[in-house]
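The listed protein sequences correspond, in order, to chains B and R.
660 is the number of the first residue of the first sequence in the working numbering; add one for each residue after it.
4 is the number of the first residue of the second sequence in the working numbering; add one for each residue after it.
Please keep in mind that the hints were generated in silico from the structure rather than gathered at the bench.
Bear in mind that the values here come from a model prediction, so they are computed numbers and not experimental data.
Positions of the beta carbon are idealized from the N, C-alpha and C atoms, including for glycine.
One or more hints might be untrue.
[What the hints assert, rightly or not] Here are the in silico distance ranges between beta carbons for each label pair:
{"no.": "1", "chain 1": "R", "residue 1": "Glu223", "chain 2": "B", "residue 2": "Asn685", "range": "24 to 32 angstroms"}
{"no.": "2", "chain 1": "B", "residue 1": "Lys689", "chain 2": "R", "residue 2": "Ala17", "range": "22 to 30 angstroms"}
{"no.": "3", "chain 1": "R", "residue 1": "Asn206", "chain 2": "B", "residue 2": "Asn685", "range": "43 to 51 angstroms"}
[Claimed, not checked] Here chain R is said to cover these stretches of chain B; the calculated rule only asks that three of the stretch's residues, wherever they fall, bring their Cβ under 8 angstroms from a Cβ of chain R:
{"no.": "4", "segment": "799-811"}
{"no.": "5", "segment": "924-938"}
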Amino acid sequence: MRAWYFSENAYPYLPDASTYESIRVNLPNKYFDPKVGAELYHRYFDEWQYADDVGLDLMVNEHHQTATNLNPSAAVVTAVLARITKKARLLILGNPIANRRDPVRVAEEMSMIDNYSHGRLECGFVRGVPYETSSSNTTAVRMVERFWEAHDLILKAWTSHDGPFSWEGRFFHHRQVNIWPRPFQQPHPPVWITTMTPSQILRVADRNYVTATFLTGYDQTKRIFDTYRARRQELGAPMSDDRLAYAALLFVGDTDEAGYAGARKLMWYLTGNKVPPQFRNPPGYASHETVAKLLKGASTAFDRSSPLETCIEQGIVFGGNPDTVYEQLRRHHEAVGGYGNLLIMGQAGFLEHDDTMRSIELFAKEVYPRLKDLRPSSEPATASR
Amino acid sequence: MTTLLSAESSLTIAGVTLECVQRGQGRPVLLLHGAGGPRPSAPFMDMLAQRVRLIAPTHPGFGNSPLPDWFDNVDDLAYLYLDLLDRLDLHDVILMGFSMGGWTAAEIAIKCTHRLSKLILVDAVGCKFKDRETREIPDIWALHPSEVNKLTYFDPETFAPKLDQMTDEQLQMVARNREAAAMYLWEPYMHSPKLLRRLHRINIPTLLVWGAHDGLATPEYGRSYCAAIPGARMEIIEKAGHTPQNEQPEAFVATVMRFIEGK
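If we strip away everything but chain B, and leave its shape as in the complex, we get (with noise of 0.2 angstroms):
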């Protein structure tokens, strides 16, 4: 199992929460006082390059207009990463590229952190949030072909090596396309798609790319992996734990009650995430039949205010001491049928800087020595691997 640490960087000083109708999208940036700002920057670093230094391997991510995440470029910033941690590999998850209208500039900018980085970049690609099709303007109608024109375009970019080829797609218009730099990397860094249902998986599969899945807890992220182990079996093709990861908020305490209080800080990822149905259910993002379930009120899966025990018991939090983490990820590895990569969100809206980076250190030191035991899948995809 590896173990990536990721912050969203989120900005929480914000008035209370009745006096804004979303926390995204239209928030004015008013609220976002410079100084505490580029402050929040910096020590966000620092926690990222605590946790190089203790061994965990880097994630970042992106989002726009939204004080839950003040990186709108995952790509600046772990281009600062590539510059100043050593050893960690670098997982960008990810770039949306259903939203950018420049596949190329993200091929360029990839290949540019690669070399940077000396080929440590794991490069993602997301479809996106739901209330991103409004910060990009772009609209949520045949997204999923666009992303993979997106992906295709890039892909290509990444391998073509003798000069210019030609691009005029259904989305995307490229006569001469011949980035420099290409990516350190050969033939390129590895990619990662993330999935939320098993319907997406299957062109994930066929590339035998990583997949991960967010804060699916257990029922939703056995499917999805399953439904990936099925389809590598489907093709007779080799399958590993390490093309699945799974992400999950994640405090580690001296003490029950210390992980207990830190992972409640982290629940601010949760609570904190007020957007109305606008933005949440944009038109042609989900499926005729979710629609409809959304139009008669139902949450979505990012719209949780349950109390920690219930996260806990569905497997979208982790915390307590490190044996209760440590208990809690194995019985959620092995329920899901193993995975071989834990996305941690280990720092989220109030939680301190001392606090954040204690958690980190227990991690390193008390739970991940032993995730390195956790048996493999119970249900190997393949006889042959």
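For this one, chain B is given, so just place chain R on it according to the hints.
Coordinates of chain R only, in the frame set by chain B:
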């Protein structure tokens, strides 16, 4: 989405299959629905069908009309309906469009009017009159649904769709219609940057009908539209918002019939 359309309620034009309501006798009226989707059982449809021959297709992606994978904008619709006029060999057609159907009707009329006799635009969108920082039509996808209802209806209480009373199947149709609307209208938002420069080509009598309380495409917006079409005039329907045909069906039908019958 797979759809089952009976032969009598559908047409296939240049490979595109359309759900299409045809009712009534007399002058042909090609009726193009708005972004909310078709409303074949609306009272104004009954009233009109007693007076004229209604031909009311459902735009691809809405209702039960399949969406071809290459189809994605209002110009595609305009050419499709030009083909439909040829296919049905219609003459002296009254072309009437509501909201985005009004935009579509305008796009048809700037291309070719030889099968048309009159044009009726009802609370139409599709034009941009002001500068880049003045959004003339509120962003319906960035407003709370209750706000959108207030802008759309004079009497939202009575006329806004009652989602809480709908079946799952009806709600899925709402979802399908929202998705289709976004496909046609997302960007540029509810307009073609070229349309204003082409409206001068419309060479048939044109009536604009507008709800006095339309908060999406306001009467002021309608007056700008009217001024850009040679010889066009505008009628206001009181106590109505963006869909005067639904909020004031009698007044609406009386207004358009006066124009159709040339009085």
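Each hint, compared with the structure:
{"no.": "1", "hint": "R:Glu223 x B:Asn685: 24 to 32 angstroms", "in the structure": "holds, 25 angstroms"}
{"no.": "2", "hint": "B:Lys689 x R:Ala17: 22 to 30 angstroms", "in the structure": "violated, 53 angstroms"}
{"no.": "3", "hint": "R:Asn206 x B:Asn685: 43 to 51 angstroms", "in the structure": "holds, 44 angstroms"}
{"no.": "4", "hint": "799-811", "in the structure": "holds (count 3)"}
{"no.": "5", "hint": "924-938", "in the structure": "holds (count 4)"}
In summary, the structure is inconsistent with hint 2 from the numbered list given earlier, while agreeing with all the others.
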